[in-house]
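Trainee: Given the coordinates of chain G, assemble chain P onto it according to the supplied hints.
Chains as they are written, first to last, in numbering that gives the first Met the number 0: chain G, 0 to 283; chain P, 0 to 276.
Which residues of chain P face chain G? A partial, calculated answer using Cβ under 8 Å:
#	residue
1	Gly143
2	Met145
3	Leu148
4	Ile210
5	Asp213
6	Ala217
7	Phe221
8	His225
Please keep in mind that the hints were generated in silico from the structure rather than gathered at the bench.
Yeah, the Cβ is synthetic: ideal placement off N, Cα and C, and Gly gets one too.
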Amino acid sequence: MNDMSTGYAILDVRRTSPNIGAEVRGVDLANGLTADEFAEVERAFHENQVLFFKDQSRIAPDVQVEIGKMFGPLHFHPAAPHLEGYPPVFVIHAHKESKIANGEGWHTDVSCDTEPPLGTMLQMHILPSAGGDTMFASMYGAYDTLSPAMQSFLEGLTASHESEHIYRGRYSDRGVDDSDKVYPSAVHPVVRTHPATGRKALYVNAGFTMRINELSKAESRNLLDFLFRHMEEQLMVTRFRWSENDVALWDNRCVQHRALWDYWPEERKGHRVTIKGDRPFFKP
Amino acid sequence: MAESVTVTPLTPIIGAEVSGVDLAHIDDDGFSALRKAFLDHSVLFFRDQDISIDAHKALGRRFGDLHIHPAANDYNDGVKDHPEILVIHADEKTTRTAGDSWHSDVSCDAEPPMMSILRLHTLPPLGGDTLFASMYAAYDALSGPMKQLLGSLTATHDGGPNYRDRAGRQGVDTSAKAYPASSHPIVRTHPETGRKALYVNRAFTTHVDGIPRDEGNAILGFLFNHIEKAQFQCRFRWQPNSVAMWDNRCTLHHAMWDYFPNVRSGFRVTVKGDRPV
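Excised from the complex, chain G in its bound form (with noise of 0.2 Å):
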C-alpha cells in the first residue's frame, strides 16, 4: 500500500497508477454522503484527480444530484439534452443507431464555458460486454514533464476554448432544435493553478482549444499539437474498466479524458451530474 491510501477513516483507497486514479470502496453513493463521508470523499479526490467508486448501487437522480450539489453548485450543459424532471443530469448514451458517442477525443468537459466544470460524476448503468473504456490523463503530469523553458513560456500564454464546432447539431437526432443558440467561449490561461491544490495543470485540450492567443497562427498550431501528443503520454494516464453502477468522479481542472467508443452496435447508458466550477487563473 501507498502514502495516499493511509489515513483513511472510511475509505479504502487504492492508487490505479503511480500519477493519476484511484479505486474507492466503502462507501455506496447510493445513500447520499454524510459529510464525514464527503470530507474523506473530497480529500481523496484532491489527491487522486479521479475516483472510481466499485461495488455501487443504482443512485436515484436527486441523491446524485444532492451529492454533486456538495462540491458547489451544479453546472448546466449548454448543447445536450437533459433527464426529463432533472435538468442536472446529462444522460450518456450511444446505441446500436448512435452516429456519434459522447467524449471520443480527449477534452475537459465544457471548457468552453467562462467557468467551465469543476467535476463531473458519472455512473454507468448499462455496458457492452466488452469495451466502453474511459481512459483519464493528469494535467499535473502533463505540466510537471515539461521543460523549466516550456513551462515559463506557456505560463504567459492564454488559449481561446469554443465549442461551436462540437456541438452545432450534436444532439438534433435527441430532438434537440439548436438553430437560435449561440454556443460558449471562453480564453483561458494555458496553465491553470488549480484552487484548492495550488498544483499547476495544463490546461488546453484537443476538443475545445482552437488557439494560442499570443502566438501567430502557425506557432499556435505546432504548439498545440505537441501539447495535445504530449498530453496523451500513457505514463500519465488511468484507464478505467467499467462494471455496472461504477461510478467516476473526475477533476475537470487537472484531468482530461477520453471515452472510447469501441463497442458498436452494443448499448452503453449512464447519468452524468456536473459541478460547476471557478473562472480558470494562473497564479504564479
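Mentor: Chain P alone, transformed into the frame defined by chain G:
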C-alpha cells in the same frame, strides 16, 4: 569603389546585385562601401568576375582570416595547394551535392564562418540557382512570446550526419574522421549590425539542448518550416563568373540541384567568424 558602382536590391528583405566593381581590384573606399552593402543586404551578387584563385583568397582576407573546411579533404578534386579553397562541383557522377538543403555554412564549428564567397566558372544551361533566406526577417516575423522562448535556448549543430552522408556517397571512408559539433544560441545577435537572427538550420541542427527531445523536435520542426517561407528569400540565377558573397551569421542558403547530369563548378572561399552570441 568608383562612382559607377551601383547596388540594386533584389528584394526589400535580402540580396542586392552590385555592378561596376572589379573584385580583383578594390581600393579601401570601395571596400568599405562593399562592406556596408554587405551588412545592409546580407547577400551580394556580382557578375563577370573572372578573378584568379589568389585574388579570390585576397578578397576573402580583407574580411578576415580564411577558414579551412572540415570536409575539404574528403574530395579528390580539391585544389591541393590552396586548402582555403573549397571546390564546389557537381557533374554526371555526382550522387549528392553540397548545399542541397537549407543551411548556414559549417554551423557545426564552434566559431562558424562569418561569410562565404563563391565564384562559379561553369554552369549548367539551366538551373543551379541558389536561394538565400534572411534569418533577420525570420526572427522578426515571430511573435513576442516565441522570441522570448527561443532567446533562452541553445541548440546543437553536428557536422557528422551531414558530412558523413555526403562523403559516403562519394565512396570516401570517414570512419576514422571526427567532425565538429557545437552548441549555439537559437537566436544570435549579429556582431556588426546588432540585429537578432534565427540560427538553426535543417542540415546541421540536430536538437535543442537541455529540454526533452519531443519539445525540441516540435520547436525545430516549426522553425525549419518557418524559416523556409518565400517572403524571407531571394533567388540568384548564376552566370559563368558570377560571384555571391553571403553572410552566414544572418542567412541560410539552399543550392538547387536541378541540372543533373550537367556540370556546375566553382570555388568557395570562406572567412572565419566569431562564436555566436
